[in-house]
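Visitor: Sequence:
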Amino acid sequence: MSLELLQALKVLKEKQWVDLTHTFGPNSPHFSAFDAAEIKTLFNHDDGFFAQAFTFAGQYGTHIDAPIHFVRDTRYLEELDLKELVLPLVVIDKSKEATEDNNYTLTKEDIISFEEEHGEIEEGAFVALRTDWSKRWPDVEAFNNKDKEGNNRAPGWGIEALKFLFEQRKIKAIGHETFDTDSAIDYQRNGTLLGEYYVLEQDTYQIELLTNLDKIPAKGSVIFNIVPKPEKASGFPVRSFAILP
114 MSLELLQALK VLKEKQWVDL THTFGPNSPH FSAFDAAEIK TLFNHDDGFF
164 AQAFTFAGQY GTHIDAPIHF VRDTRYLEEL DLKELVLPLV VIDKSKEATE
214 DNNYTLTKED IISFEEEHGE IEEGAFVALR TDWSKRWPDV EAFNNKDKEG
264 NNRAPGWGIE ALKFLFEQRK IKAIGHETFD TDSAIDYQRN GTLLGEYYVL
314 EQDTYQIELL TNLDKIPAKG SVIFNIVPKP EKASGFPVRS FAILP
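Per this note's numbering, the very first residue in the sequence shown carries number 114; after that it's consecutive.
Heads up, a few of these hints could be off.
[As the list claims (entries may be wrong)] Dumping the calculated DSS-like pairs for lysine-lysine here, alpha-carbon to alpha-carbon at most 25 Å:
id: 1; residue 1: Lys-285; residue 2: Lys-342
id: 2; residue 1: Lys-123; residue 2: Lys-207
id: 3; residue 1: Lys-196; residue 2: Lys-123
id: 4; residue 1: Lys-126; residue 2: Lys-221
id: 5; residue 1: Lys-342; residue 2: Lys-153
id: 6; residue 1: Lys-209; residue 2: Lys-328
id: 7; residue 1: Lys-248; residue 2: Lys-207
These are computed hints drawn from the structure, not numbers from a lab.
Please read these numbers as outputs of a predicted model, since none were measured by experiment.
Throw the hints in and build the complete structure from the sequences for me.
Guide: This is how it looks when you write it as structure tokens:
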């Protein structure tokens, strides 16, 4: 290892690192179409070693969605390049708005207002939407936040905001604290997840169910999305973390 690389590692380890990943288990909030996770003990220390079997959907806990999750004939998780998984991190804070309106939908105007305060979002960035929805974890009822008709209420990205970010600002990927890219109200209005399809159609990935975004500055951090490499996977639980400036 070169002295230059060792020095870079030393500098990184002197910075503050923030875990952006929920611990998950059988009782964690999860997408309603999936079964709860199962964790089974195969062997314990009386057998000589401790080993377990895990059963869960690929999109469980804090997880990564590969393009193939929504779009045919695109890349599987294993085909994402390592350098795609480490990106400059931008955090747009709409936690106040999401508290006042649980179906808050990010707009293009919101992004322009953000840039007026923090500067233009750089090309190749990972943009995360902070809503503080993660603070509801692990309370399933609070996380689902159903109305009287049984519909979930949750904030999310508006399609025009996403198009602006990917087409005008040339960002690389996005992340959020909720189950889905789209706000619940947009999903109910459109009958489909237009935003999620659009993001994955850009031949990139997204991270869902992030946490601790309230500990990250608007700009200047770096996000790492560390994930196993299962064969032909559409997604998998991820260990996301940020290194602060």
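Visitor: Can the restraint linking Lys-285 and Lys-342 be considered satisfied, given a maximum Cα separation of 25 Å?
Guide: 20 Å, holds
Visitor: Against the 25 Å threshold, does the CA-CA distance of Lys-248 and Lys-207 hold or violate the hint?
Guide: Distance ~14 Å between Lys-248 and Lys-207 Cα, so the pair holds.
Visitor: Could you grab the alpha-carbon distance between Lys-196 and Lys-123 and see if it respects the 25 Å cut-off?
Guide: Measuring from Cα to Cα gives roughly 20 Å; hence the hint holds.
Visitor: Below or equal to 25 Å on CA atoms is what counts here, so check Lys-342 against Lys-153.
Guide: Roughly 22 Å between the alpha carbons, so the hint for Lys-342 and Lys-153 holds.
Visitor: Does the structure keep Lys-209 and Lys-328 at a Cα separation of 25 Å or less?
Guide: 15 Å, holds
Visitor: Would the hint linking Lys-126 and Lys-221 be met if the CA-CA limit is 25 Å?
Guide: 36 Å, violated
Visitor: Would the pair Lys-123 and Lys-207 pass a check requiring their Cα atoms to be no farther apart than 25 Å?
Guide: Distance ~34 Å between Lys-123 and Lys-207 Cα, so the pair is violated.
Consistency with the previously given hints fails for numbers 2, 4, ordered from lowest to highest.
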